[in-house]
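Engineer: Chain by chain, the residues run as shown.
2 protein chains.
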Amino acid sequence: MSRGEHILLDHGAGGKASAELVAELFARHLGNELLGQMDDAAVLPPLGGRLAVSTDSFVVDPIFFPGGDIGSLAVHGTVNDVAMRGATPLYLTTGFVLEEGLPIGDLERVVASMGRAARQAGVKVVAGDTKVVGRGQADKLFINTTGIGVIPDGLELGAARARPGDAVLVSGTLGDHGVTILASREGLGLTAPIASDSAPLNHLAAGLIAACPGLRTLRDPTRGGLATALNEIAALSGVGIELEEAAIPIDPVVAGVCELLGLDPLYLANEGKLICIVEGSQAEAALAAMRSDPLGRRAALIGRCGGQRAGRVWSNTSVGGRRVLDMLSGEPLPRIC
Amino acid sequence: MSRGEHILLDHGAGGKASAELVAELFARHLGNELLGQMDDAAVLPPLGGRLAVSTDSFVVDPIFFPGGDIGSLAVHGTVNDVAMRGATPLYLTTGFVLEEGLPIGDLERVVASMGRAARQAGVKVVAGDTKVVGRGQADKLFINTTGIGVIPDGLELGAARARPGDAVLVSGTLGDHGVTILASREGLGLTAPIASDSAPLNHLAAGLIAACPGLRTLRDPTRGGLATALNEIAALSGVGIELEEAAIPIDPVVAGVCELLGLDPLYLANEGKLICIVEGSQAEAALAAMRSDPLGRRAALIGRCGGQRAGRVWSNTSVGGRRVLDMLSGEPLPRIC
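Protein chains in written order, with the UniProt record's numbering: chain A, 1 to 337; chain B, 1 to 337.
Note that these hints are calculated values from the structure, not bench results. Some hints could be false.
Remember, identical chains collapse to one label, so a pair may be satisfied in a single copy or spanning two.
[Said to hold, decoys possible] The list that follows gives simulated cross-link-like pairs (lysine to any residue, SDA-like), each with its CA atoms no further than 20 Å apart:
1) LYS16 to GLY307
2) LYS16 to ARG312
3) LYS16 to ASP326
4) LYS140 to LEU263
5) LYS124 to ARG50
6) LYS140 to GLU99
7) LYS140 to ALA211
8) LYS140 to PRO334
9) LYS16 to ALA285
10) LYS16 to ALA255
11) LYS140 to GLY214
12) LYS140 to ASP61
13) LYS16 to ALA247
14) LYS140 to LEU155
15) LYS140 to GLY262
16) LYS124 to GLY187
17) LYS124 to ARG28
18) LYS140 to SER318
19) LYS16 to GLY330
20) LYS140 to PHE64
21) LYS140 to ASP326
22) LYS140 to THR317
23) LYS16 to GLU244
24) LYS140 to GLU100
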């Protein structure tokens with residue numbers, strides 16, 4: 001199997017070509033003692049404690065972009081969802097749907113990137129599956145990942161736990177991933193560099209959990225962005241969320257592209273940022289914990305939860321107005337993750 | 001949302017339309033107390049014992065076929081992979097990739113079928129994800145499922161555990177699923193009825209485990225069929241496997257279609273059959289256990305493991321010859337599951 005070859009229908013048939021693909025490509029980059037069992041299912045040692053389980057399919061277009069690719073994104077996205085429940089992510093499964101004709105070199109680049117991302121996040125890929133569909137029946141490749149983590153005893157985080165008086169923080173600039181994908185796809189000739197923020201948030205989350213006994217909610221604002229994630233929290237918790245627009249960190253390049261194209265960075269996807277809702281008295285402790293982590297250097301306190309206008313989210317604008325932030329409606333950017 | 005509508009890119013954007021799809025369609029058919037958490041990840045209670053974890057993506061074409069559809073198949077396929085390690089399947093996650101324009105009525109039919117299949121198998125869908133890609137970027141819908149089960153203490157089943165002297169059994173007729181998909185796709189005007197064998201094997205497996213302390217290996221011969229699965233077992237266990245061709249149960253309609261089209265039923269996919277390898281002295285006990293289950297009525301003893309020709313599989317033909325059964329090579333039927 002050479003990098004110059006292409007994926008054939010054979011590679012998904014479960015016979016010799018499938019076995020070669022597993023042995024020569026997947027096992028090489030993702031292999032570990034659990035994946036190597038080669039049985040219908042992997043056997044994992046007993047896990048003490050409650051489990052957090054999440055699944056995501058990734059269909060991002062293009063599959064390679066500044067700051068990452070569909071492989072690293074598929075690891076980060078699911079690791080982050082598991083970590084947002086306070087769990088330590090331990091295991092991933094991965095399912096590939098490949099389009100006939102995909103260059104094997106592209107697949108290998110994606111799988112190698114998954115392997116690096118998994119090692120960086122400290123998770124093992126324990127089971128996988130590959131299907132191949134004909135030309136024109138999928139677009140290059142889609143990846144599903146499912147993650148399993150263990151939640152420390154006594155820890156309860158969730159989108160329904162915010163209370164009036166809680167502080168709302170974000171771990172850094174918003175909209176970087178969304179703007180990067182859009183710029184890659186449209187071939188915008190940006191003079192300033194911009195890259196996806198795709199990154200594993202489990203270490204940042206663990207630092208917050210250790211520093212803040214009053215932590216209520218962690219959430220990574222992916223599809224739908226900050227505004228949609230906060231709407232979900234406001235609705236599930238029965239609080240109103242008031243933001244200070246000037247406090248929300250936005251990279252100037254992202255702000256410029258958004259202005260140019262009429263996009264709102266508060267609705268754009270992020271893949272390496274988290275929203276942290278914490279008891280008001282612990283806002284500074286949360287901020288300090290995030291800023292001590294390389295992925296939280298630009299963390300900011302952006303608002304508060306209150307008892308008024310339960311279920312709604314709004315921001316106080318820099319010119320003294322108030323803007324209601326509803327859930328995302330419509331599709332600003334398809335295939336963003 | 002009415003059944004006459006179609007899937008739009010909006011439905012995958014993570015905003016209002018996504019939330020409606022979750023609330024009005026997925027939650028209605030798949031809902032339970034764990035799926036209803038609506039957080040980034042589901043939280044499961046502590047599970048005592050080792051876990052079996054498996055993932056599969058389903059791309060079957062057509063999505064509706066006699067005996068099932070892509071939804072029931074996605075539940076059965078993963079439940080069965082988990083059960084083949086001796087585990088009790090408990091939880092599933094599901095990830096959908098939908099093509100823009102898919103009729104919502106078709107999606108609902110598939111999701112309702114998943115719900116019925118999950119209830120029948122006794123598993124809960126605990127997490128889900130939906131992405132939508134543009135027209136022509138996928139073919140109708142693809143489904144990934146990942147399953148989690150718990151393995152009873154002390155039970156060790158696996159493809160590397162077969163030993164010389166062991167008996168080889170199958171739970172019923174082979175090739176039904178493969179021939180059904182082919183006939184559906186090609187519009188063969190079959191006069192005799194034939195249907196996919198898609199079914200959950202966890203109850204059948206549990207019966208075998210209870211009846212046979214000398215159980216070595218369970219395996220469901222899906223893609224690549226009986227011959228490929230036995231080759232994997234022979235290679236991993238270091239045994240030779242000798243079959244009696246006349247003992248292998250094949251439905252006459254399947255045999256007829258295979259003869260007509262030059263296909264070999266031993267290489268066709270099954271979705272409701274298992275291979276059982278058991279200590280030779282317990283072959284009759286295994287056969288009785290299978291035949292007492294509706295899914296194992298046509299179970300048969302089809303061969304033995306030996307120490308000769310380790311890693312190879314062959315059958316003694318009814319005319320006194322010997323046929324080597326290698327792994328599947330090439331792709332007889334793309335998108336079979």
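Engineer: Tell me, please, which holds for LYS16 and GLY307 at an alpha-carbon limit of 20 Å: within, between, both or neither?
Structural biologist: neither (62 Å within a copy, 24 Å between copies)
Engineer: Given a CA cutoff of 20 Å, do LYS140 and GLU99 count as a within-copy pair, a between-copy pair, both, or neither?
Structural biologist: For LYS140 and GLU99, the Cα distance is within 20 Å both inside one copy (5 Å) and across copies (14 Å).
Engineer: For the identical chains here, do LYS16 and ALA285 meet the 20 Å Cα criterion within one copy, between copies, both, or neither?
Structural biologist: This pair counts as neither: shortest intra-copy Cα distance 56 Å, inter-copy 34 Å.
Engineer: Could you figure out if LYS16 and GLY330 sit no more than 20 Å apart (CA to CA) within one copy, between two copies, both or neither?
Structural biologist: between (45 Å within a copy, 8 Å between copies)
Engineer: If the cut is 20 Å between Cα atoms, do LYS16 and ALA247 qualify within a copy, between copies, both or neither?
Structural biologist: neither (57 Å within a copy, 26 Å between copies)
Engineer: How would you label the pair LYS16, ALA255 (within, between, both, or neither) given a Cα cut-off of 20 Å?
Structural biologist: So LYS16 and ALA255 fail the 20 Å test inside a copy (51 Å) and across (24 Å) alike.
Engineer: Taking 20 Å as the upper bound on the Cα-Cα distance, should LYS140 and GLY214 be classified as within, between, both, or neither?
Structural biologist: neither (45 Å within a copy, 46 Å between copies)
Engineer: Classify it for me, LYS16 with GLU244: is the Cα-Cα distance of at most 20 Å met within a copy, between copies, both or neither?
Structural biologist: Neither way: LYS16 and GLU244 sit 59 Å apart in one copy and 24 Å across, limit 20 Å.
Engineer: Tell me, please, which holds for LYS140 and ASP326 at an alpha-carbon limit of 20 Å: within, between, both or neither?
Structural biologist: Cα proximity of LYS140 and ASP326: none, with 34 Å in one copy and 31 Å across.
Engineer: When no copy is named, should LYS140 and LEU155 be tagged within, between, both, or neither for a Cα gap of at most 20 Å?
Structural biologist: The answer is neither: 41 Å in one copy and 41 Å across copies each exceed 20 Å.
Engineer: Can you tell me if LYS140 and THR317 fall within 20 Å by alpha carbon in one copy, between copies, both or neither?
Structural biologist: neither (43 Å within a copy, 44 Å between copies)
Engineer: Quick one: LYS140 to PHE64, C-alpha cut-off 20 Å, is that within a copy, between copies, both, or neither?
Structural biologist: within (11 Å within a copy, 25 Å between copies)
This entry does not satisfy hints 1, 4, 7, 9, 10, 11, 13, 14, 15, 16, 18, 21, 22, 23, going by the numbered hints stated previously.
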